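Heads up: the protein sequence lines correspond to chains C and Y, in order.
The numbering of the first sequence is the numbering used here, which starts it at 146 and goes up by one.
The numbering of the second sequence is the numbering used here, which starts it at 8 and goes up by one.
Calculated from the structure, these hints are not laboratory results.
These numbers were taken from a predicted model, which means no experiment stands behind them.
Cβ atoms here follow ideal geometry from the backbone N, Cα and C, with glycine treated the same way.
Some clues are possibly wrong.
Unchecked claim - Sample of chain C residues at the chain Y side, in silico, Cβ under 7 Å:
hint, residue
1, GLY338
2, GLY341
3, PRO414
4, ALA415
5, ARG416
6, ALA417
7, LEU421
8, ASP511
9, ARG513
10, GLU515
11, PRO516
12, ALA519
13, THR520
14, THR523
15, ASP666
16, LEU667
Unchecked claim - Calculated Cβ distances over 12 Å to all of chain Y for the following chain C residues:
hint, residue
17, GLY170
18, VAL206
19, CYS233
20, PRO419
21, LEU431
22, TRP527
23, GLY559
24, LEU572
25, ARG640
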Amino acid sequence: MTGTGTFLGIFLRRDRWIYLWWGIGVAVLYVSQAWSVDGLYATQAEFDKAAASMEGNAALVAMAGPARALNSTGGQVTWQAAAFGAICAGLMSMFIVGRHTRAEEESGRDELLRAAPVGRHAPMTAALLDALIANVLLGVLVAGSLAAYGLAVADSLGLGVGLTLTGWFFTGTALVAVQLTTSTRAAYGLAGGVIGVAYGLRAIGDVSAPVLSWLSPIGWYQAIHAFSGLRWWPLLVTAVATVAVVASAVAVFDRRDFGSGVLPPRPGPARAEPRLASGLGLAWRLQRPVVTGWAIGLLLGGLGFGALGDGVGDLVGDSSYSRDVLLHGTADVVDGFYATMIVMLALLAAGFSISSALRPRSEEDDGRVEPLLATGLTRSAWLGGHVAVTVAGTVLVLALAGLGLGTSYALVTGDAGAVLRLSVPVLSYAPAVLVLSGLARLLHGVAPRVAVLAWLGLLLAWVVLLFGGSLGLPRWLRDLSPFEHLALVPLEDFRWAPFLVLTLVAAALSVAGRFAFRRRDLH
Amino acid sequence: MIEIQRLVKGFGAVRALDGLDLTVQQGEVHGFLGPNGAGKSTTIRVLLGLLRKDAGDVRLFGKDPWRDAAELHARLAYVPGDVNLWPNLTGGEVIDLLGRLRGGLDERRRADLLERFELDPTKKGRGYSKGNRQKVALVAALSSDVELLVLDEPTSGLDPLMESVFRDCVDEFRSEGRTVLLSSHILAEVERLCDRVSIIRAGTRVESGTLAELRHLTRTSISADLASAPDGLESLPGVHDVEVDGHRVHLEVDSTQLDPVLSALQRAGVLSLTSQPPTLEDLFLRHYAAS
C-alpha cells in the first residue's frame, strides 16, 4: 500500500475537471426534472392527468423505472432521473478506474511508477479511492441541489446516497473488467456492458417480471422509493454486492501478471480485405463502430420519443414554456410536439455528423496520415472517403431516428400511416445537420488547430431551439442556426427553397474545406 | 533520383530548412545525418509532398513532389521514425493496406519478411511494441515493388538481431540497383550501409560525399614512442594538439597532411606507432560541436 496517498493526490489532481463536469452534469440532470415539471403543469389537476397517462405507458416505464407518485415533483424527479443518473455514475466510475489502471498499464507509464518504492496494490487502491470519492461528490451535489430546490431533505438525501452507492458498485465492476482484459477499450466494452445489462434487466423487470429488477443495481437504487415512502434497506444489498465485486477484483489482480489480463486478446485477420485499400474502404472501417453506435443510439432515441404516443397533450401540460417552446404556440398539440422532437433528434444526429467530420483531424494529429499519403493515395481520395462516410452516416443516422420515432408512435397509437409521416421529416433536416459538419470540415481545412470550435455551431443551434423565444434572442442570431430556416414538419408544410439553399451551403462549406486541406501542410 | 537545391521551409518564425541542398543518385544508399531538430524529417516531408516548400527547387524522379505526389508515391516506399498504427487494425491488415495503396505487394516477399522479422500479423495495432510497429511499416515498405526507399530513423526501436535483418534487407534492395535514402542517428549502421553521406545542421548541408572522401576532411590521431625527442612537429601543416612527454608523442593531423608528419617521426626513430583513423563519430562530433 506504500505510495497510495501519493498516487491518490496525483489522480485527484488529474481528475479535477472530470469531477467538475460530471458533477454539474448529473446534478443538472436531477434538478432540471424538478424545474421542468414545475414549469410544465399549471395546475395539480393537469399534473394528475399527465401522471395517469405516464403510468399507463409501458414504454416509458421500461425507459425510466417503476411509476410511483408521478403526480408529485419528487416522484417525477426520481422516475425521470434515477436510472439515467445511475448510468452516468457508472460511466464516470468506469472512465476514472480505466484511465488510472489499465490505460496506464497499457501505455507503460504504470511500469515507470511501479519501479519506484510503491506497494503492489498502491495504484489500484488509489484509483478505487479516487472513483469512490468522485461518487460521493456526485451524491452530495445531487442531494444538496434537490434539497436546495426545496424538495424533502430525507428523500433528496436518499437519491444522493443511493446514487453514490450505485456508482461504487459500478466502480467495483469496472475494477474487475480492467483485470480481465488487456486493452482499455475492451475493458470499457465489458464494464459498459455490465451497466447496459443492469439497465436492461430492470427495464424488463419493471414492466413485466419484478424479480429481474432485483438482479440489477439500478433496480436496487430505484427500490428505495424516494419521495414515495423512502426506505433505506435496498442500499444494503448494493453495499454488500460492492464489497464482493471489489474483493474479487483484488483476488484477480493478485493472480495475474503485470500487463496481462485473464481474457487473452483476440487475434485479428492476418490479411486485409481487398476493399480496405481505398480512401473510402479505410474511412468506413475506421468509422464503422462510431456510425453503428450513433445509429443504435438514435434509433433508441426515436423509439423513446415515439412511445409518448398521441397522449402528449396531457404530458406537455399548459404552461407558457410548453406552449412556446414545445408547441410553437400552436393549438395542434401532437404535431407541434413532434415537430420539436424531430428537430431535437436532428440536433442529436448533428453530434455524430460533427464528430465524424472531425475524425480526419484526429487521424492527422495521431500521425497516422503521413504514411498513408506517402503511398499512391491522394489527399483528395483520403479525405473524400471520410467525407462520404460522414454524409452517408448522417443520412443513415437521421433515417433510423425517424424510423424509430414513426414506428413506435404507430405501435402505441395504432396509426400505421405515422411511420412515414414522422420519419420522412427527420430526413428533411439533413441539410442543416450537414451545414454544421461542413463547418467542421472547413475549419479542419483552414485552421486545424481550432477545428473543435465547430461544436459551437451545434451549441448555438441548441440554444436557439430551446431558449430562442424565452430569452428573446435577436433575429439575426437565431438566423445563424441553420435549423431555424427549415419548415417545422409535420406542423408546417415542407418547403423546398430553404432545403435546397442549405444543401448548397453545406456543399460549399465542404468543398471549400477539402480545397483548403489539399493546399496546406500536413501536420 | 532526388535533386534538392536551396530548399527553404519555415514554420511561423522558425526557419526549419535554410537553403538545403541534397542529391541522391540512382542505385546508392544515401545516409542523411544530422542532430535532432536539424531538419531531416522536414526535408523528407517536403520530398513526400506532405509539406509545401517556401522556396528552392525539389525534384523527385525529375518531377515536382507537391504537384505529382500520388503518381510519384507509387514508385517509393516510406517508413517514418514514429510508426503510429490504428488500434483496431491488425499488423497484417496495415501491411496489405499500405502495400496495395502503393500499387500492390510481392506476396512471396511479404511472407518471407514476416518470418525474418518474426512478426505476428494477427495482432491489433494497440498490442504492438514500438519495435513491432516499426517492423510492420518495414515489412510493408520492403515487400512493395518500388524504386526508392525513404527511411526516417527506421531502426530506433529494433533489437540488434532485427537491425541485422534490416541491414541484410537493405543490401538485397540495393543489389537490385534500387535507391535508399536513410536518415539515421546510428553511425555504425550508416558506416556499414551507406555509399554516400550528407550531413546537415540547422537546416543547411554542411558536408556531403562518400565516407572515404569525408574521412579526408577530418583528422587522424597518432601516438608514437620515439628513439629521440622530436622537434618541429608543431610547425608542420595540418598538425594540432601536439603533446610531447620525453620520447612519447601524441598528436592529431589532418588526414591530407599525413606524409610530412610520418617523415618527421621517422627521422626521430619510431619504436612503436598507433594511428587511429577518423570514425564517422569524430566527423559527426566535429560538425555538430562547431555550432
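- Query: Against the structure shown, which of the earlier numbered hints fail to hold, in ascending order?
  - Reply: 1, 2, 20, 21 and 22
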